[in-house]
Amino acid sequence: MGLGSVFGKAVRDSRGTALALGILFAVIVVLTTSQIVAEFDTAAKRALMAAQLSALPAVFQGMLGEPIGIERLGGFISWRILNILPVMYGIWSIVALSGTLAGELARGSLDVVASTPVARRRLALEKVGAYLVAVAVTILILGVWTYVAANAFASLPGDEVSAGAVAGHMVLLYLMVLAPGAAAFAVAPFLGRGGAVGVGALVLFGGFVVSSYASTVSVFRSVEGASYFHMTAAHRPLAGAWDWPSVGLLAAIVGALLLVGIEVFARRDLLVPSGNRLPVPRVRLWVLGPFSRGLGERFPAALSWGALLGLFGLVIGSSSDEFVAAIAQIPQMVEMVQRIFPDADILSTGGFLQLAFFQEGIIILGLAAAFFVGGWASDEGERRLEVVLGTPIGRAAWALRSAASVQAAIAITVAVLAVALAAGTMIQGDDPLRPVIGVAVLGLYGMALAGIGLAVGGLVRPSLAGPVTLILGLGFYLWDLVGTILEWPSEILDIALNRHLGRPMIGEYDEAGMLLLGAIAVGGVILCAAGMRRRDIGR
Amino acid sequence: MPPIIQAERLTKRYGIHRGITEVDLEVREGEVFGFLGPNGAGKTTTIRILLDLIRPTSGTARVFGVLSSGDPVAIHRRIGYLPGEFTLYDRLTGSETIEYFANLRGGLDRAYSKRLIERLDLDPSRRFSEYSKGNKQKVGLICALQHRPDLLILDEPTAGLDPLVQQTFNEILFEAKEEGRTTFLSSHIISEVERTCDRVAIIRAGRIVRLDTVGALREMAAHEVELRFGEAVPMALFADVPGVTNLVQEGRMVRMLVTGPIAPVVRLAAQRDLVDFVSREPTLEEVFLAEYETSGRAAASASPVEPAAGL
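So the protein lines, in turn, are chains A and B.
Mapping to my numbering: the first sequence position 25 is 25, numbers consecutive.
Mapping to my numbering: the second sequence position 48 is 587, numbers consecutive.
These are calculated hints, taken from the structure and not from any lab test.
Derived DMTMM-like pairs: lysine to aspartate or glutamate, alpha-carbon spacing no greater than 25 Å straight-line:
{"#": "1", "chain 1": "B", "residue 1": "Lys653", "chain 2": "B", "residue 2": "Glu714"}
{"#": "2", "chain 1": "B", "residue 1": "Lys675", "chain 2": "B", "residue 2": "Glu624"}
{"#": "3", "chain 1": "B", "residue 1": "Lys672", "chain 2": "A", "residue 2": "Glu104"}
{"#": "4", "chain 1": "B", "residue 1": "Lys675", "chain 2": "A", "residue 2": "Asp111"}
{"#": "5", "chain 1": "B", "residue 1": "Lys675", "chain 2": "A", "residue 2": "Glu104"}
{"#": "6", "chain 1": "B", "residue 1": "Lys672", "chain 2": "A", "residue 2": "Asp111"}
{"#": "7", "chain 1": "B", "residue 1": "Lys653", "chain 2": "B", "residue 2": "Glu718"}
{"#": "8", "chain 1": "B", "residue 1": "Lys675", "chain 2": "B", "residue 2": "Glu695"}
{"#": "9", "chain 1": "B", "residue 1": "Lys675", "chain 2": "B", "residue 2": "Glu714"}
{"#": "10", "chain 1": "B", "residue 1": "Lys716", "chain 2": "B", "residue 2": "Asp660"}
{"#": "11", "chain 1": "B", "residue 1": "Lys672", "chain 2": "A", "residue 2": "Asp269"}
{"#": "12", "chain 1": "B", "residue 1": "Lys675", "chain 2": "A", "residue 2": "Asp269"}
With the rest of the complex left out, here is chain B:
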C-alpha cells in the first residue's frame, strides 16, 4: 500500500537560516503519526511544504502519491488542516466561519458540523474576535474536521483547549482512525503524542533523528533499574555488562540505567542474594529528552551551532 505522505530528502532553507535538512518521512494509511520536536525544530516548515504553502529548496514531498507542488488542490481536497498559529475573520461568527470553509470545500454537512459543534462545546453565534483562544482553536478544529478528510494534518491541535475538550478531541481522533483515516499530528506535548500516536518521528534542528513506533522508541531508551541485595554487592560486577551506565551503589542497593536487553543484568543479579528488583520503563518524554541530549551533544561536537530557524 503506497504511503499517504512520503517525503524524500526534503530540504528548505530560508536564506542563511536553517529550515529543514534532508527530511525523510513515510506516513502509512490509517495510522496516527506523531511529529515531535521543540519550537523551531522544523515541524511547521515540513507541514507547510506538504501543503505547498512553501516550496522545498530540494527534495520531494508527496501526499496521496501526488507531488505537493504538482497538484496541491487535489491534495487539499482530501485533507483537513489546522495550523499551529492562525487567525480567522474577526467579523464572521463561528457558524459563518464554519460555513465559509465548508463552502470552499463544496458544501456543508450541517448535521455533522452541528455534531462537532456540540461535542466541542462551542457557541457558534459569537463573532470570531470575541472568542477566547480555546474557542478559536475549536473553530479551527471544526473547519478541519467537518468534511471527514482522508488525512488530517494538525499542528499543535490541543493548544488552548481545556482537559475535557482535549479528551473529546482524542475521541474524535480515535474515531477517525477506526474509520481508516490518517492523522499527521505535530506537537511538542509528548504525553499527547504518546497517548494518541502509533508511530513517532522526532525532529531536531531540522533533521529527523528518530522514527519508530512509540513502543520501539521506549525500548531503545534506557530502563531505570534498581537492585536490592541481602548483602553488599560490588558495583563493578555490572560495569562490563553491555548497555549499563550511570552505576550508583548505596549500601546494599545498586542503581543503573540499562539500554537494550535487560536479561544479562537480571541473570547476573540472580547469581547473588537478590531481594528486590525494580525496572521502570521510560516515558516517551524521557526518550525524547534523552534523544535530544544525545544528538545535541553529537551535533555540538561535530559542527558549529546553526542559527535558529525561527519557524
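This is chain A alone, in the form it adopts within the complex:
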C-alpha cells in the first residue's frame, strides 16, 4: 500500500498496529484454547466447570459478562477471551478515529491535505475507510486463528465451530471495536480531539460498566439499554447464540455516527474548536516552574479522570448493601467466597468494592497514567523542551520536576476518586478508611506504571514513554488474566505488577508489593532524570 491517495497513506500508517493487534489476540486465543482442552478433557469436567461458573452471581462474572455455552470450546473462547476484546481495542478505535481528522487539524497538517484537489467529504471518507480496513484486518487475523484453534484443538462433541459462526462473531467484534471510536469521530469537529476522546471513553467504559454490573447495581439497570454491550449481549455465535437484529442495530448506529462525523467535517470550518475545555482557575501559580506548569496543564485532565472513575466508584460503593444482602441469602455462596478470601469480611462494602471496582480501577488507572506520561513526553516531541532548556534549568532538574508533575496529576486523580468512593461508602454508613487506602494502592500502581514510562522516556526516547505505559497497563492485566487461566507458575505470573496490590479494600495489604510499587514510581523519576542528563535532546 503506497502513498497514491489519502486512503493509501492512512492504511499504510495503521498497518503495523492492525497486524500487531490481530496477532496479539490470536496468540491469546490459541494459547488459551490449547490449555482449556488439556485441562477439561472430558464432558463431565466441562459440565462441572460450566455449572460452577454459571452459578456465580453477576458481580463475580463481572467484566466477562454472562457465560453462554461455555461447556463448548467456542462458548468458552467467546466468554473468557473475546468478550474483553471490544474494551481493549475500543481504546485503539477512540484514539484513531478521534485523531484521524481532529488530531491532524490540531497539528496543522490537515490544512495542507485539504488544499489539494480532494473534496473534504472524500478526504474524510478515505480516512475513515482506511481505519475500517485496518480494524477489518485485525479482526480477520483473529477470526482465522480462532477458527483454526477451535477446530484443531476440538476434543469433545460440539467443540468444532463453523466458519459461519466465527464470521458472525467477528462481525459483532468488528462493530463493537468501532462503536466508541465512531462516537468520538462524530463529536470531534465540535469538541476537538481531547473532548472527543472523553466522549468515546464515556461510551466505551460507561457502556461496559453499566452492562457488566446492571444486575448488581440498581442504578445501572435503568440505563443499561443505552449500552451497546448490553444491546448485543445475546449475539454470541461461537456459543451458538444468534441475535442479528441487535447487531444490525449496532451497525446502523456506528454507520450513522461515522456519516455524521464525515458530514460535519465537510460542512464546518477547518478550525480547532476552542472554549470547550474544563474551566480551571487561571492562577499565576501555574507558571512558576516546570512542576507547577506541568501540573497546571494536567490538572483538568486529572480532575476528569478522577471524576470518571469516582462516579463509577460512587455508584458501586453506594450499592454495596444491596449486594451484601443478596449474597448473604445464599449460604453456599458465602462459603465459597470465604474460601477465596479467608480471614476477610467479604460481606462488607470493602469486599464488594474489591470484587466489583478494583479490577476496572487497575485498567483505568493504567490508561490515565499512559495519558499523563504521553503528555509529558510531548514537551520534547513537539520541541517545547528545547526552549525550556535554553534557560538556566538543568536537564535533570527539569526531568525531576516535570516527572513529579505527572505523579502529582495521578495523585489528584486518585484523590478525587477517593473522595467519591468515601462518599459512596459513607452513604452506606460504613467506614471509608479501607476503600480510601485501597484507592491509594491503585494510585501507587498508576504511579509505578508512570514511573516505568518516564524512565523509558528519559533513558531511551520520549516517543516510547506513553506507548510503553499503555502497553504495560493493558499487558499486565492480560498477563494476569491469561496466566491465571493457563495456570502459569507464580514466578511467571508475578511479573505483572497488578498482582502485587493485595486486596486493600478488604484490609489485605501486600506491604512488600506496595514498597515495590513506590520504589518503581520514585526510581522511574530518578532514572528519567539520569537518562535526560546523558542523552541528546529532541530525538
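Mind docking chain B on chain A? Use the hints.
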C-alpha cells in the same frame, strides 16, 4: 579578549547520517555573527551543540569560555535562545508564556517585557494555540530577549514576521549590539544577514566553507565588469589578466567577471578608447551562491555525495 563562542573541530554524526564535520568557529564579544547555509547544512546542529541539547561526537564547544557540556546551566543563564522550529504551551496565554520563561530565569522585568510586547505589537491575552505563526514567533522572541542576555542565539528569527516587525526586530538587534551584547544569527535569508551582521560563516554539507566579514566576502567574489569602447577591442586582450573569467564580447562592449583586484583590468582598458566603465559589486547572495556552486563542484569531484542530514 576571549571569544564568546569557540568551536574547535566540532563534529556530530547521527548514525550513518552526516551532522557537522570539524566545524571551527569564533564569535567575538559585541559582534553580530551570521551563520549562513541552506536547509540541512548543519546550522541547527551546531547551535544545539552550543546549548548542550545534543553532545558532539568529537571536538569541543565553549560559550563564555565554559565547555558547553560542562556547565550548560551557567551558559544558559547568560543567553537568550530562539529555536528555528518550536511550539510552546497551547493552554497558556502569551503573557503567561512570557512570565513562565521569565520565572525560569529567576524573575520578570515587567517594564521591559511590556516594552517588547508593545514594540513587537503582540496581543498577550490570547492563548498560544490561537496565535498565527508570526505571533508565535513574537512570543518566542520576547522570551529570548526579555532578560537582556549577553548572548543571543537566534535560529531563523524573522520567519513569519511581517516587514514592519522585521524592521523592529532589526532595531532591537542594533540596540543589543550598541549595548555590547553579542548575537549569533543563523539564517538562510541572505539579505537579513547582509543587513545586520558584522561577520559571516557559510556552512555547506556540515563544513564551514567561508568565514569572514561581509565586506571581505564581497571582495573575494567576482565583480561584474562592463567596458564600452569607442571602437571594437579584441576580447583576447583581457584573457590573460589574472582573475578574469566569463569574457563576452558584444560589438564594442566587453563583459567579464573579475575576481580579486580590478586595477589590472582598468589599466589595460585605459590604454584603449574607453568610453564607459561599469563595475557592479556582488551582493552577499551572489557570493553565497557562487561559493555553493564552487564548493559543490569541488565536493562532487572529490567524493561521493553524502546522505542528507535532515537537520
